[in-house]
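*Asks:* In case you want the letters, here they are:
Number of protein chains: 2
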Amino acid sequence: MTITTEKGSAEISTMVPLIGDSSFIKACYGKNEGRLPVWVMRQAGRYLAEYRAVRKNVSFLELCKTPELVAKVTTDPVNKFGFDAAILFSDILPILEPMGFTVTYESGGPTVAPAIRRPEMVNELSAYDVRDKMSYVFEGVRAIKKRIPDVPLLGFAGSPFTLACYAIEGHGSKTFDSVKQFMYCHPKESAQLLEAITEVTIVYLQEQVKAGADAVQLFDSWSGILAVNEYREWSLVYSEKIFKALKSLSVPRILFVNNVSPYIHLLRDIDCEVIGVDYRMDLELAMNELPGKAVQGNLDPNILYCPQAEIRERVRAMLGNLTRLDNVIVNLGHGILPDIPEESVATFVDEVHAFRREV
Amino acid sequence: MTITTEKGSAEISTMVPLIGDSSFIKACYGKNEGRLPVWVMRQAGRYLAEYRAVRKNVSFLELCKTPELVAKVTTDPVNKFGFDAAILFSDILPILEPMGFTVTYESGGPTVAPAIRRPEMVNELSAYDVRDKMSYVFEGVRAIKKRIPDVPLLGFAGSPFTLACYAIEGHGSKTFDSVKQFMYCHPKESAQLLEAITEVTIVYLQEQVKAGADAVQLFDSWSGILAVNEYREWSLVYSEKIFKALKSLSVPRILFVNNVSPYIHLLRDIDCEVIGVDYRMDLELAMNELPGKAVQGNLDPNILYCPQAEIRERVRAMLGNLTRLDNVIVNLGHGILPDIPEESVATFVDEVHAFRREV
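As they're listed, the protein sequences go chains W and C.
Per the numbering used here, residue 1 is the first one in the first sequence, and the count goes up by one each step.
Per the numbering used here, residue 1 is the first one in the second sequence, and the count goes up by one each step.
Simulated from the structure, these hints should not be mistaken for laboratory data.
Be aware that a few hints might be false.
Same chains, same names: a pair is fine if it fits in one copy or spans any two.
Subject to a maximum C-alpha distance of 20 Å in a straight line, what follows is the list of computed EDC-like cross-link-like pairs (lysine to aspartate or glutamate) [unchecked claim]:
id : residue 1 : residue 2
1  : Lys174    : Glu106
2  : Lys241    : Glu199
3  : Lys247    : Glu343
4  : Lys244    : Glu97
5  : Lys80     : Glu120
6  : Lys133    : Glu199
7  : Lys188    : Glu313
8  : Lys65     : Glu106
9  : Lys133    : Glu351
10 : Lys244    : Glu195
Using the sequences and the accompanying hints, generate a full structural model.
*Replies:* Shown next as structure tokens:
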């Protein structure tokens, strides 16, 4: 099944398998007949000893801006657990910085300042050269591909709505009421803000792919607080615009919406390959709503606090429930939590890889 | 349409319309042919001048425990806005007090102490006589019925899972991770806790109905953070048990699940009359999933920050989208927010009452 070839790069002279033959990429196109691919949202994160060691010496933002460290923390968990895809270590918020925001990370979560509380502030945002200002990210992508050329690498960005949530609220929130109020009261400026973020995001993801990313994921962390019509108007149209702009690059495009269930019927026609499903929604139901698409998900990360045998059982229960497997990428249904034992992650990966449909 | 009769109570000697002929009760049974009934979750709350005036002199918990004040704050918004149902002013947490918890209300939200962090603590909870310890609630119900005998009155309780969330976490949370971890790790004690709360809740709601409540609503505020199987196991079975125990009382039973979409297919068969739908889910889709049931919802409360003309337009858009109206109770899709203008509430009610299907 795996074809080896020589990748046309002076830096990579060894024989490497074609990324397109990986279980991850094949599953994105609904054509995986091998074992199930698995990766974990936030797989390079605080639960990992190697990550915590790196963070003893650098702040979160310094880490994001140091390509060699980005490559190290991105590849460490892949090497340790045998994940079938790597995901660029970065954060969704730094692309806001050159627009005129200060992004800081504290224990209580990130803050973005100044928060947009008056509609006029949208006009004051700066256009900027993404290739230049975000070059540390693209250098990071290249450094990762040097280390693990044969593992599919996901680039990513936050969805425009999710980034706008932080830009308007200034920090995380349970319900982002001030964001809704702003968008209901100032539809023109809201569209302008979402459009500006969309434009930056398109170049940002295009450049990640050009630097070596083999797939891209759009993280829509906060749309799950919207009514259906507002989801369509404030979020979906911008995700669609981004995906259309990436289509010609021919890499799988993944949309993860945290709390996707209320909107799943709207995602049937979005031009992307994979829908990431959060832990709440039944994965088989999601698949049935999305003919022609792959699905990614969706074990509740809290299950990784269970005893190892129970983790295995719940992985089997989730996968055993599915009528198709060729279009499934296994993941958690939310980012992994900081104090989950590494042993449980290994168990999770092992059980996914061991899973075979009993016929 | 409205039949007047003499209610068989010495306290009510005036001629009053049959509650069963009200648009609210008829809609619960899918038989409303008149104008649409409307009420609002938290309609007796801080957005209301009369409520804020009462709260200048008493704490939240004192208010809950003073039947005459309960009757005043319950009936004020009904008299002011012409809501088609009243809902008992109270909170979901006080029934935890006699079990051995201290419930306090501060600006950051309620706290329940001691939080259950060790499974053994479940065994230390006290059984108690609900009729005695919660008598202030039932007196409140009787006092309300004296003031507005011809308006349907909803009694309510929190769902066992939602109450267990507070009992285990000790306070509100975005994701209640510690609750999930407790329930995954201690299934036996979790079931015991949920069962204990269920038993109390059954008597609590039965007594509310006996005191005069014409319908009951179970508020499941936090199940929306659960995977489907956990929703079934940790929440739905207890809601079902409560509803079964209330069946013989022949009052409409309403289940409100905040973020109901991932579980809506499981609610098709639950033995109750009405499903309350949060603002996220398309109301017509919900209705289609629930043949034989009424639906209640579901405008995003943030829409009440919009200009009045826009509020009216969004109400018409929501209702105009529905293929049936005889089983619809209009509400917000979440509790009303404290700084929403009263004018907007009046507009909302007025537009619902003015709505007629254009044939």
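*Asks:* Tell me, please, which holds for Lys133 and Glu351 at an alpha-carbon limit of 20 Å: within, between, both or neither?
*Replies:* Neither. Shortest intra-copy (42 Å) and inter-copy (51 Å) distances fail the 20 Å Cα cut-off.
*Asks:* With 20 Å as the alpha-carbon cut-off, assign the pair Lys241 and Glu199 to within, between, both or neither.
*Replies:* Within one copy only: 9 Å inside a chain, 52 Å across chains, cut-off 20 Å.
*Asks:* At 20 Å max between alpha carbons, let me know whether Lys80 reaches Glu120 within a copy, between copies, both or neither.
*Replies:* neither (49 Å within a copy, 38 Å between copies)
*Asks:* Taking 20 Å as the upper bound on the Cα-Cα distance, should Lys244 and Glu97 be classified as within, between, both, or neither?
*Replies:* Neither: 25 Å inside a copy, 56 Å across copies.
*Asks:* Which holds for Lys188 with Glu313 at a C-alpha limit of 20 Å: within a copy, between copies, both or neither?
*Replies:* Classified as between: cross-chain Cα gap 18 Å, same-chain 50 Å, threshold 20 Å.
*Asks:* My question is about Lys65 and Glu106: at a cut-off of 20 Å on alpha-carbon distance, are they close within one copy, between copies, both, or neither?
*Replies:* The answer is within: 17 Å in one copy meets 20 Å, while 41 Å across copies does not.
*Asks:* Checking an output row: Lys244 and Glu195, CA cutoff 20 Å. Within, between, both or neither?
*Replies:* within (14 Å within a copy, 51 Å between copies)
*Asks:* Given a CA cutoff of 20 Å, do Lys247 and Glu343 count as a within-copy pair, a between-copy pair, both, or neither?
*Replies:* For Lys247 and Glu343, neither the intra-copy (38 Å) nor the inter-copy (48 Å) Cα distance is at most 20 Å.
*Asks:* Within a copy, between copies, both or neither: where do Lys133 and Glu199 come within 20 Å Cα-Cα?
*Replies:* Cα proximity of Lys133 and Glu199: one copy only (15 Å, versus 61 Å across).
*Asks:* Measure nothing new, just compare the shortest in-copy and cross-copy C-alpha distances for Lys174 and Glu106 to 20 Å and report within, between, both or neither.
*Replies:* Both. Shortest intra-copy (18 Å) and inter-copy (18 Å) distances satisfy the 20 Å Cα cut-off.
Hints 3, 4, 5, 9, counting from the list given before, are not met by this structure.
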